[in-house]
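*Asks:* Single-letter residue listing:
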Amino acid sequence: MRSYLDFEKPIAELEGRIDDLRTINGDEAVNVEEEISKLESRAEKLLADTYANLSRWQKTSVARHAARPHFKEYVAGLTEDFTPLAGDRAFGEDKAILGGPARFRGRSVMIIGHEKGRDTKSRIDHNFGMARPEGYRKSVRLMEMAERFDMPVITLIDTSGAYPGKGAEERGQAEAIAASTEKCLSLGAPLVSVIVGEGGSGGAVALAAANKVLMMEHAVYSVISPEGCASILWKEAQGKGENKAPDAAEAMKISAQDLLELKVIDGIVPEPLGGAHRDPEAAIERLGDAIEAALHDLEPLSPDELRVQRRAKFLEIGRSLAV
Amino acid sequence: MNWLSDITPPGIKKMFRKRDDNSDALWAKCKSCDEMIFTKDLEASQQVCPSCGHHMTLSPTTRLNAIFDGGQWERIELPDVVTDPLKFKDVKRYTDRLKDYRRKTGEKDALVIGFGQIEGVPSVVAVQNFAFMGGSMGMMLGEGILKAAEQAIANNAPLILFTASGGARMQEGILSLMQMPRTTIAVQMVKEAGLPYIVVLTHPTTGGVTASYAMLGDVHIAEPNALIGFAGARVIEQTIREKLPEGFQRAEYLADKGMVDIVVHRHHLRETLAKILRVLTRHGKKAKPNQQGQNVTPLRVEAQKTESAQKALEAPMDKAAE
Ligand SMILES: [Zn+2]
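Sequence order for the protein chains is A and B.
For the first sequence, counting from 1, position 127 maps to 127 in the working numbering; every step adds exactly one.
Plus 323 on top of the position in the second sequence (first one is 1) and you've got the working numbering.
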């Protein structure tokens, strides 16, 4: 059973009618064939139109869609011989960030990313993809390891943000994020980051200060969640029970298309019609192609050239917008 | 002493109090101990309550006057950046907010950078201004920190950063977030040049600022009782559904948890900085650059070392073989 988002209701109705027609058997089935194919092309057109014109708030719900592929599916679909490594070697293991060495299309890589989990149990297990300091420190550990074995690093970003917890603060959440960002920037190996779902604030950028930063077509990447921004800047309206998160999403310009225009990201990975959750396999394959192309460009560079490219790229952000 | 203190009965003193602005009023009330303090006395004590020691907000220029020798320093101007790249509007236009804060503070943005000497050590000191949109980090602040780093390197001077910030400048969206890696690059440049980078955490330092340049110092100094953290206490309490302990996210708490080296009273800050700078700069001589130098290939350096070490090891072996 497919789950539909609010704005997909007209599509849901059409597809529901198609399903109903399909249950008809016998002589009548011949007559409904034509009707079905008519409805199908209408549904497809509606889906294409809807997804070509998603608001930024609608994109946010697509980016958070429960059926969207997550880190585990990407790793399963794109790599072989993946060994998940655990722990920061100091305090503990944080399953909000997973990672380890694997083979990706003919080369060894280190693949690291947020995992949100899928059902109640796994969501709790992965803390909804909200990492604690140990997650970021594990990332640093894995990046250092990749450097030693001369392996490119791939990071897949999907988090609403770093975990706001008491223990996380006490163990230096801010320092862990800063150190992970710092490690990304000083890494002597190719680093490709993809925002696959939600790119939430410092918890996202800590893994995404990369040579190439890509976004899935319907992913979002922002300095604060639309809800968080609304609660601060639209405090009064929010207090009266109005939902200003859609306005905040619009104002902050959080879509992949916005970020490409602002020259903050390097490219967009097209999603299958109707979003990655409609055809996860195709989405995973397209992501693989995009990562492979990015690595192809970066692999000839020396460690110092990689550092210089990364630094120049981030220093340039915003400057080219200057009037 | 002011003439008012002589002629005004104690009960009337309250009438001269202005709540949030210590500079214009004759009297100020300490938020910590409720004591009424003569503003002249507060100025003389660098906004530290003479009665309870509570550290109040210090303006960036006053801070720079207090830190540099003889109160002498040269201002390094903030670079110009594109204004309002997102054409952001909430209940108010971002450009209007900016105008208001610029008028109110007389500053271009939430950072003031000065170059001067601290007990003879030439230093670049950048001070975040909490009074300017909560010290929020936007493009101009990021460029300012990069410029401060460049000036430090050009002058072979340490960089000292006084942090005070509510976090990101939401009105600049993703471009605000990008200041986290960009300011991190500024810190890397200073460190690669072999120069000390010292962070002084002042009240309050939170959000993306804490999670970038504020936590990457060679030395982390904090002012007493300063609030320092990543997530806001209210958000944490809502998330974990429990009350936070006394002193949570305060300077002393962070020192106890190993995130801050020293908590220093404002009156001892200048001498503390001077002592550290004297040692780290070896009286002006550069410290040894760290391994990831901008133009050196660390691997190659390592390889050379290994090769010569190998020769040294092999030499006696060869002789023994003969
Ligand atoms: Zn007091």
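Worth double-checking, as some hints may not be accurate.
[To be verified] To be clear about the criterion: a stretch of chain A counts as covered by chain B if any three or more of its residues have a C-beta under 8 Å from a C-beta of chain B, and this derived list gives those stretches: (1) 58 to 71; (2) 183 to 191; (3) 258 to 267.
[Said to hold, decoys possible] Just a sample of chain A residues kept apart from chain B, beta carbon distances all over 12 Å, derived: (4) L54; (5) A86; (6) Q173; (7) G203; (8) I284.
For the record, the hints were derived by calculation from the structure and aren't laboratory data.
A virtual CB, placed ideally from N, CA and C, is assigned to each residue, including glycine.
*Asks:* Evaluate each hint against the coordinates.
*Replies:* Right, here's what the structure says about each hint:
With a threshold of 8 Å between beta carbons, the proposed coverage of the segment 58 to 71 of chain A by chain B is violated, since 0 of its residues qualify and at least three are required. Against chain B, the segment 183 to 191 of chain A contributes 4 residues with a C-beta closer than 8 Å to a partner C-beta. That satisfies the three-residue criterion, and the hint holds. Under a criterion of three residues with beta carbons nearer than 8 Å to beta carbons of chain B, the stated coverage of the segment 258 to 267 of chain A is upheld, 4 such residues being counted. For L54/A, the requirement that its beta carbon stay farther than 12 Å from each beta carbon of chain B is met, with the minimum near 18 Å.
The beta carbon of A86/A is kept farther than 12 Å from every beta carbon of chain B, the shortest such distance being approximately 23 Å. Not every CB of chain B lies more than 12 Å from the CB of Q173/A, the least distance being 4 Å, so the non-interface label is violated. Not every beta carbon of chain B lies more than 12 Å from that of G203/A, the smallest distance being close to 9 Å; the non-interface claim is violated. Once the 12 Å rule is applied to beta carbons, I284/A is consistent with being away from chain B; the minimum gap is 26 Å.
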